[in-house]
Amino acid sequence: SQQGEEDPQALSIQEGENATMNCSYKTSINNLQWYRQNSGRGLVHLILIRSNEREKHSGRLRVTLDTSKKSSSLLITASRAADTASYFCATGSMYSGGGADGLTFGKGTHLIIQP
Amino acid sequence: GAGVSQSPSNKVTEKGKDVELRCDPISGHTALYWYRQSLGQGLEFLIYFQGNSAPDKSGLPSDRFSAERTGGSVSTLTIQRTQQEDSAVYLCASSSIRGYTGELFFGEGSRLTVL
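Line by line, the protein sequences give chains A and B. First residue of the first sequence: 1, per the working numbering; consecutive thereafter. First residue of the second sequence: 116, per the working numbering; consecutive thereafter.
In case anyone wonders, no lab produced these hints; they're calculated from the structure. Keep in mind that a hint or two might mislead.
List time: in silico DSSO-like cross-link candidates among lysine-lysine, alpha-carbon distance up to 30 Å [unchecked claim]:
1) A/Lys-70 x B/Lys-172
2) A/Lys-107 x B/Lys-126
3) A/Lys-26 x B/Lys-172
4) B/Lys-130 x A/Lys-107
5) A/Lys-56 x A/Lys-69
6) A/Lys-107 x A/Lys-70
7) A/Lys-56 x A/Lys-107
One-sided excerpt, in silico: chain B residues whose CB lies under 10 Å from chain A [what the hints assert, rightly or not]:
8) Tyr-163
9) Phe-180
10) Ala-208
11) Ser-210
Every residue gets a Cβ at the ideal spot worked out from N, C-alpha and C, and that includes glycine.
Next up, chain A with everything else stripped away, as it sits in the complex (with noise of 0.2 Å):
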């Protein structure tokens, strides 16, 4: 069953502005990976936050998790067009007992930024 999910699915906003994209899931998470994709590309990891942390930063990035709402959100501060991309979120499970190790992927959200 699908894990994480993203929402929203598509995001357009102006160059400068900050971008938010959150994620759902469903079940108990060791950690929570957010990976963008820029087109016609592989995936590229930005950030890992584990179970027992609340808030992370890397550079313009800031991730939250919300362990009682099995949530997370990503914020991309300052906008900039080269920020285009889908960015998708992974979660981390010993416990998910499906493929792939426990890892598994959402469906992604597509940011545009307009310059």
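Dock chain B against chain A, hints included.
Just chain B now, with coordinates in the frame of chain A:
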């Protein structure tokens, strides 16, 4: 090599033909994954290799799909008697640790088009 390498980058084949897709993971990475991504969609897990353990084949969609990993390094995904619905981008990823605990490194993908 410096990253995960996949070949061919593009493959066009006729319905009914067999195809082989190759993945060279990062040296020393014990975990290797194959995913399928249809246009504009999320990642569909296919198969997972971890060291010398038996692979997790639970994501393979039919018995036309198979994969092997020789010497714990290079992997080949084989699709027999290709169908039009097999058209997608096939992504390979590797990791130095178990999937749910850490970061995956992705290749650029092999785009398969079945006519």
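Hint-by-hint comparison with the structure:
1. A/Lys-70 x B/Lys-172: Judged against 30 Å, a Cα distance of about 28 Å means the pair holds.
2. A/Lys-107 x B/Lys-126: 25 Å, holds
3. A/Lys-26 x B/Lys-172: With Cα atoms ~24 Å apart, A/Lys-26 and B/Lys-172 stay inside 30 Å; holds.
4. B/Lys-130 x A/Lys-107: The hint holds at about 28 Å.
5. A/Lys-56 x A/Lys-69: 17 Å, holds
6. A/Lys-107 x A/Lys-70: 17 Å, holds
7. A/Lys-56 x A/Lys-107: 22 Å, holds
8. Tyr-163: With a closest approach of 5 Å, the B/Tyr-163 hint holds.
9. Phe-180: Violated, about 13 Å.
10. Ala-208: 8 Å, holds
11. Ser-210: Hint on B/Ser-210: holds, closest Cβ of chain A at ~9 Å, below 10 Å.
Going through the hint list in order, the structure does not satisfy hint 9, though it satisfies all others.
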